Structure formats: structure tokens, C-alpha cells
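Participant: For the record, the sequence lines run as chains A and B. Note that our numbering numbers the first sequence so that position 105 is 1450, with each residue one more than the last. Note that our numbering numbers the second sequence so that position 111 is 168, with each residue one more than the last.
Please keep in mind that the hints were generated in silico from the structure rather than gathered at the bench. Worth double-checking, as some hints may not be accurate.
[Claimed, not checked] Computed footprint of chain A on chain B; a stretch qualifies when at least three of its residues, placed anywhere within it, have a C-beta under 8 Å from a C-beta of chain A: (1) 135-149; (2) 155-162; (3) 289-301; (4) 308-315.
All values reported here derive from a predicted model rather than from experimental measurement. Cβ atoms here follow ideal geometry from the backbone N, Cα and C, with glycine treated the same way.
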Amino acid sequence: MFRHAAKLLRRPVPTTSPAAAAVSRRPFSSDLPAAETADPAFVEAWKKLIPNIDPPKTPLSFMQPRPATPASIPTKLTVNFVLPYASELSAKEVDMVIVPATTGQLGVLPGHVPTIAELRPGLMSVHDGNDVTKYFVSSGFAFIHANSFADIIAVEAVPIDRIDANLVQKGLAEFTQKVNSASTDLEKAEAQIGVDVHSALNSALTG
Amino acid sequence: MAMAALRREGRRFAPLLSPRPIAAAAPRSSPSFLSPEEDVPFGARSISTQVVRNRMKSVKNIQKITKAMKMVAASKLRAIQIRAENSRGLWQPFIALLGDTPSIDVKKNVIVTVSSDKGLCGGINSTSVRLSKGLLKLNSGPDKEPKYVVVGEKAKVQLIRDSRKHIHLTISELTKIPLNYTQVSVLADDIIKNVEFDALKIVFNKFHSVVSFIPTVSTVLSPEVVEREVESGSGKLGELDSYEIEGGSTRGETLQNLAEFQFSCVMFNAVLENACSEMGARMSAMDSSSRNAGEVLDRLTLTYNRTRQAAITTELTEIISGASALEG
Chain A
1346 MFRHAAKLLR
1356 RPVPTTSPAA
1366 AAVSRRPFSS
1376 DLPAAETADP
1386 AFVEAWKKLI
1396 PNIDPPKTPL
1406 SFMQPRPATP
1416 ASIPTKLTVN
1426 FVLPYASELS
1436 AKEVDMVIVP
1446 ATTGQLGVLP
1456 GHVPTIAELR
1466 PGLMSVHDGN
1476 DVTKYFVSSG
1486 FAFIHANSFA
1496 DIIAVEAVPI
1506 DRIDANLVQK
1516 GLAEFTQKVN
1526 SASTDLEKAE
1536 AQIGVDVHSA
1546 LNSALTG
Chain B
58 MAMAALRREG
68 RRFAPLLSPR
78 PIAAAAPRSS
88 PSFLSPEEDV
98 PFGARSISTQ
108 VVRNRMKSVK
118 NIQKITKAMK
128 MVAASKLRAI
138 QIRAENSRGL
148 WQPFIALLGD
158 TPSIDVKKNV
168 IVTVSSDKGL
178 CGGINSTSVR
188 LSKGLLKLNS
198 GPDKEPKYVV
208 VGEKAKVQLI
218 RDSRKHIHLT
228 ISELTKIPLN
238 YTQVSVLADD
248 IIKNVEFDAL
258 KIVFNKFHSV
268 VSFIPTVSTV
278 LSPEVVEREV
288 ESGSGKLGEL
298 DSYEIEGGST
308 RGETLQNLAE
318 FQFSCVMFNA
328 VLENACSEMG
338 ARMSAMDSSS
348 RNAGEVLDRL
358 TLTYNRTRQA
368 AITTELTEII
378 SGASALEG
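Starting from the given sequences, assemble the full structure and let the hints guide the process.
Facilitator: Listed below in C-alpha cells is the structure:
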């Protein structure tokens, strides 16, 4: 009698946490439903040499393929703005984006020539109609593709209204002092980076 | 009712028989006293339930421990899953720009295996190690020298046994402090500084759901190889020529920075996904372990009851037969 009770009490593998339950219902919660593409040469070579184990998946099979370059210039620019801890904007259609490239502010409109730009600490603004969202970006890369897709990857980004002007001034003074009193090259470089970032913050807040 | 009558008969005659069996019976029915083995005189039978009782206690403790470990893994999974999902957008722009070519033919392959430090997490570490060994086999040839960079204790232990000479660098205790991008980028920087590579292949378990983990390999190419592919003009990388480089630096310098940045981003995502998979695998391993312990406990309980009842029946039979011998 008790043997049957044990069988009745047996539950399937529990999805106790609501997050886990949500994920198991919705696979790839943040990966888009992908066209299952894989590098055929790799799969073939693997299968020939190691037939007993399934070949591993590659990242190509986890992301949605990008559309091809259209014949005419599209009206909107599609922006993906990603940070290590969040995807700020993913596939958002906007009119224009201004990024702080190393050579200065780079304005990106739909139909921009394909570019790879390294970013320096500075102000980034996203223009959609009359809304302008401004972020302070620490550094990263911006890729602009021929199909009017812009990928901006930054290490850290903060909306401008979250920055405290007093702390910026204090930081700037502190790092300028460190640059002057630095002894080794490493300390000098670190202090210089601090000065650059704080002065960029300053100009972003005021400009 | 017949049993009750026999029991009463037995009890009436019991004091006339030797007191030994009764004294032996008494401690057996109250198990907290001395074990029957010490009390048994020469010639009297005794069926021991103490051994079974000890086993039951230890199995019950194991069940409690594994249940607790499952709860801990579930709570850790909840926390880290959000961060892993948020970091999934990080590597997509790189694939969109540079494409994904795991079958690229290069001389110096470095296989970065991501695994866990602690055990009891199912088969995910063995899967990663098997894949890494497969990749090594795939990439070994006359003038190719594949190498391992191992992250995590479990893969190190497995790989050191037969591929000791291929291991270049091992990193452990990565998850001692909560994972963050700064830590992983410093680690990526260290790896790039210490290892010469043409292609880095990062092997990890991608978290799909609590019960399913997908072994994945991400490829990061060195700037020289990218340059070579761009010149050859084939595939996704061939189109890289059409991209303008903003700023004064040459394409080579930009590609250098890009490769380093790509590696740190891909590593960050890989480490987070692997940690998620570890927690999920531990949850299911501990769950099946506690269920198994429950089944073992059930079987032991049955054995215990059978043994106990057999002892009582033996007692009764002795008493009854003794009583009927006196009568008849």
C-alpha cells in the first residue's frame, strides 16, 4: 500500500521558481526565434571525425539573421544598444543616433555608409521624432551596417539625468590633482583616464 | 481475536517460563535501550533491527541534505538567470558584423573550456570536456598545435588526466564573488596576453531551461586571421572591406581592439550561461537524489517492519509452544 503512495507522491522535475517556469514555457526568452542555421562545413567535419557525440551548437543558430541591404534607403534606422548587464534598446526604429566616436560626434542616419567606430567617453543621443534620449557612454564600439542597422555596444551607459553634477566636479578636481602628483607611468595613465572621463561628463552635462 | 486469546494465554504462562526471553523481549520493543545483541544469551535467537534502523537514519539525513541543496540551487538560479538573459544581446552585434566560422582552418587554436568549480551538478562538466576533446581532435594536424585554457576545477581534473601537455592555463574560483563584467574582462585580458592564438574556441553550456542545457562553441578570431579572411574576400568577412573605419587608426589597430572586446563580451556571456546551467543541473541532480533516497527509505522501512514483526512472531510462537507443552 505504501509502495503505491510513494509512486503517487512522485512529482515531475519541479519548476519551483516562477522565472524558471516562465523560461521553460518560453524557450530562448531573450534570443529571438532563430532560423536554425549552422555552419555546414563544421557539422560535417565533426560528424566525420567524432560520430558518437552530437556537434555543439554555434551562436549563429541562436540569433535571428539580419535582413539584406534594401535597394532604396529606408526611412528609419534600427538601433540595438547593448550593455553587459542589459539590452537598452533592441531593434528600435529611430530617426537618428549621435554617437561619441574617437574623432568626435558621429551622426548616423538611415542609409549611412557601413562603418566601424570606436567610442570614447561621451554623450550619445537617440532621436525619434521629437523625443531625444541622452546617455553618457563610457566606451565601446559602434557598427553601422549597410542595411540601416546600427549596433552600439558599450561597457557602461547612464541616462544623463542620473548624473550628479557636484560629484563630477569633485571627481574632476581629484583626478587633476592625481595627474599632477603621479609618479609612475601607470598611475599617470590611470589618472589621465579619470580626467578624460570626468571632463567628458562635465561637457555632456553642460553641452 | 484468536491472536488476542493466544496472547493472553501466553502472558499467563510467561512468568513460569525462563525469564530470559521476556527480558530479551522488553528491550526489543523499546528500542531506545540496549541493543538486543548484547542482551542475548547463548542459544537464543535474535533478529537485529538496529542495523536497519541506523541505515534508515542516515538515508533520511541524506534526503534532507539533498533537498536543502536543491532549494539553495533554485534560489541561486533565479538570481543569475536574469543576468544571463540580459547579457544575451552582447555577442549578437559581433556575429552580425564578423559572421561565425567555427570550421576556419588556422594553426594555433586555443580551446577555452568553461566549467564549474563544485561538483554534484549532473553531467554538464563531462559534456564540456568531451566536446573540448572532440575539438582538439578536429583541430590537430601536422603543424597545428591546439591548446587548452581551462576555467573551473572540474574540467581541469578531467583534462589533466590525459591531455596534460596541451593545457596552457587554468583558472579556478571564478564564481567566488558574484560575476561581473570588470572581472571577466580582466580575465580575458590575461588570457590574451599569455596565450598566442589564431582562433579562440569557447566551449560552454548554454542555458535553455531548467532541465535542458545546450553545449555551444563560440569562435573569436585574432586580428591577423580576420585580416587574412578580408583579403581573401570570401564569406561574411569578405564584406568587411566595405566598412569604413572611423578615426585615425588603421584597420589593423581597430581589429585588434575589436577582437579583445569581442572576446571579453563572449566570455562574459559564456561564464554567466554556464553558471546558470550549473545551478539548473544541480537542482535536477539533487531532486532525483532526494527522490531516490525517499524510495530507499521506503524499502528500508518495509524491511524494518518485517524484521520487527518476525521477531514478535518468534517470541509468541515460543511462548505458545512452551505453554502448550506444559498443558499437554
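Participant: Does each hint fit the structure? Answer for all of them.
Facilitator: Hints versus structure:
no., hint, verdict
1, 135-149, "holds (count 12)"
2, 155-162, "holds (count 5)"
3, 289-301, "holds (count 3)"
4, 308-315, "holds (count 3)"
Consistency note: the structure conflicts with none of the earlier hints.
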